[in-house]
Amino acid sequence: MKLRIAAALLALALCYPAAPTAASEEKPYRVENGRVDRATFNGYRRYGNSCMQCHGPDGSGSSYAPNLTESLKRMSQEQFNDVVINGRQNVNAQAQNVMPSFGYVEDVALYLNDIYAYLKARSDGALGRGRPQRLEN
Amino acid sequence: MKLRLAVATAAALLLGAGGALANEQLLQLQRDANQWVMPNGNYSSHRYSELNQINRDNVRNLRPVWSFSTGVLRGHEGGPLVVGDVMYIHTPFPNRVFALDLNNPGRVRWRYEPQQDPSVIGVMCCDTVNRGVAYADGRIYLSQADTTLVALDAENGREIWKVKNGDASKGETATMAPMVFGDKVLVGISGGEYGVRGHVTAYNLRDGSMAWRAYSVGTDEEIKFNPQRTTHMGQPVGENSSLRSWEGDQWRLGGGTTWGWFSYDPQLNLIYYGSGNPGTWNPSQRPGDNKWSMTIFARDANTGEARWVYQMTPHDEWDYDGVNEMILVDNMNVRGRQVPRALVHFDRNGFAYTLNRETGELLVAEKYDPAVNWATHVDMQTGRPQVDPRFSTRREDENVTNICPAALGTKDQQPAAFSPRTGLFYVPTNHVCMDYEPFRVSYTAGQPFIGATLSMYPPQGSQHMGNFIAFDAGEGKIVWSRPERFSVWSGALATAGDIAFYGTLEGHLKAVDMRDGRELYSFRTPSGIIGNVNTFTHRGKQYIAVLSGVGGWAGIGMAAGLSGDNEGLGAVGAYRSLADYTQLGGVLTVFALPD
Chain A
1 MKLRIAAALL ALALCYPAAP TAASEEKPYR VENGRVDRAT FNGYRRYGNS CMQCHGPDGS
61 GSSYAPNLTE SLKRMSQEQF NDVVINGRQN VNAQAQNVMP SFGYVEDVAL YLNDIYAYLK
121 ARSDGALGRG RPQRLEN
Chain B
1001 MKLRLAVATA AALLLGAGGA LANEQLLQLQ RDANQWVMPN GNYSSHRYSE LNQINRDNVR
1061 NLRPVWSFST GVLRGHEGGP LVVGDVMYIH TPFPNRVFAL DLNNPGRVRW RYEPQQDPSV
1121 IGVMCCDTVN RGVAYADGRI YLSQADTTLV ALDAENGREI WKVKNGDASK GETATMAPMV
1181 FGDKVLVGIS GGEYGVRGHV TAYNLRDGSM AWRAYSVGTD EEIKFNPQRT THMGQPVGEN
1241 SSLRSWEGDQ WRLGGGTTWG WFSYDPQLNL IYYGSGNPGT WNPSQRPGDN KWSMTIFARD
1301 ANTGEARWVY QMTPHDEWDY DGVNEMILVD NMNVRGRQVP RALVHFDRNG FAYTLNRETG
1361 ELLVAEKYDP AVNWATHVDM QTGRPQVDPR FSTRREDENV TNICPAALGT KDQQPAAFSP
1421 RTGLFYVPTN HVCMDYEPFR VSYTAGQPFI GATLSMYPPQ GSQHMGNFIA FDAGEGKIVW
1481 SRPERFSVWS GALATAGDIA FYGTLEGHLK AVDMRDGREL YSFRTPSGII GNVNTFTHRG
1541 KQYIAVLSGV GGWAGIGMAA GLSGDNEGLG AVGAYRSLAD YTQLGGVLTV FALPD
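Listed in order, the protein sequences are those of chains A and B. For reference, each letter of the first sequence is one residue, going 1 to 137 in my numbering. For reference, each letter of the second sequence is one residue, going 1001 to 1595 in my numbering.
Each pair of labels, with its calculated beta carbon distance range:
no. : chain 1 : residue 1 : chain 2 : residue 2 : range
1   : B       : Pro1227   : A       : Glu78     : 54 to 64 Å
2   : A       : Glu70     : B       : Pro1370   : 35 to 45 Å
3   : A       : Gln89     : B       : Met1210   : 25 to 35 Å
4   : A       : Arg38     : B       : Glu1519   : 43 to 53 Å
5   : B       : Arg1440   : A       : Glu78     : 21 to 31 Å
6   : B       : Glu1305   : A       : Gly128    : 49 to 59 Å
If you are wondering where the hints come from, they were derived from the structure by calculation, not from laboratory data. Given the structure is predicted, the values throughout are model-derived calculations rather than measurements. For each residue, glycine too, the CB sits at the ideal point set by N, CA and C.
Turn these sequences into a full structure, and let the hints steer you where they fit.
Following this line, the structure appears as structure tokens:
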């Protein structure tokens, strides 16, 4: 987290052409020319380890788990965190969907903000599909 | 027909008898083309039928005659069994079983639905699939998602006994079909993406008590190896053959899950199956050959002791599980030499292996998709694949690109068919490559233990992601190859009518000419097909049956279309979303010729 703020400050200091405005400062990710900051990249990889098996590549969903790039258009980060930490069950005649709880999973819980940043970037359309490139620093 | 009645009567008389008689009965039943009594047709996993009413000349007239909704949405793998006048079908979680009356098409004689803690759904890596039930001696055996193995009375669906084979809270689940041999029922375990250490376990038919359990990875005692008698490439494996191939106690998270298919040779009294990926997908975290993951096992059916093993992919770096079916062929011509008892295996790693199934001698190992590039060839002296260093992923935090095949394998569990008439194999395949980026992960019981992120896409220059091929396993050569838009994720059927059947992810049931793969028939079922086709007769008339219901690993990624850096290359057709072609829904469709 600290590192990310440092990176953002550095970007400001260097007066990048795409220097964040007040509004975009609230974005949890930084994407420039398709390249992403370290945290968002980490989120991409952590997603690949713990989430992709169900939610599919690029957060795009599968035949049995929702498309998270759509979900995050409706969910707040708090709601997202709640579902990841505590899990959720939707089992009835129409659906057999179970999101396990990841509250005790280091590789998820420690990097929850990074995973959210990656998925939010995908959801906002700021980041395309596939493996993102890293920004320098 | 008369024969079947006689057998059915015998079956009724034997109800509850158990023991070796069941074996004799099943040995007879699996030879009767009028029935389909085990998932892959017979103990040799041929998926072949002598029936020829439906044939090359008339298959164009085939039509659906009745269908049945399972009421379950997720991926429907496996296929129906037919015993006498009853068809048994199964579903993914909640693992319903239906006994359908063929005398009154679609009428439900009984249904069974186990009570399972739904939290197991969350630890099934690649959908909540189930690959079918086993029949023997008036009973149906179901291996539920939560690893409960239950024996049901085939007459009424009542529970006779049940036993727990694993612990779902540790990520141990079940997806495979059990197999009955002698007085035992054999079952494996899933959870390769959860650090589960795989095993196969034989339970006594009589009461569900455990007869033996053999791990894939562990001490000699646990893996039931005799250091002097058990062989690999013709040599005794020696002491601690598994433990020596791992660092420290990493073998405890050693994987080698056993979620594919079983075959059985009653003369040799050996069972055959393969083990899955070792531990994490990040190879740097587990140096060594990681024995005996990615291995073909031949075990004594009575004791479980391993006769021979062959490790196809030592130190896996790509998730090429070795679980695909083992097809047993007698008197096979292998490069001009007659082999009395052969075993043919189309591995996820893209090589088709032919071995002597008595001794484990490796006879042929050739690619069955020319796109396969991770290894140049298999060294026939050592049995080791010669890995192309460009495609090694033993580079933590590096993205290795254009590896073929993808982790899905050139073929996954979807079983191939073998025709004794042509001597050829009819193989449903994937034609997909990947980028693979491994990284360090920590283990938490019951949580994903992967450590790699992947992108998948068709091979460069290809517009399609699957092929249905005819393969000569004696020569190691593709005879013909028929492209499909998506992976062919359906088990094939070959018949004496000189036709082969398979399903597509768009939902088509297809029949092709065995000579050249030319399409002779196609019907669009309600959902994508990842189930396996079977055939049987009822009142003297031949039928074809298949479960539709898209999902499984094929439902990952393909639900949203595959992605990757190649997206800009303009292979628009290949990336088109599967969702544009099909939606979820489990349906059985039964086909026949007009009267």
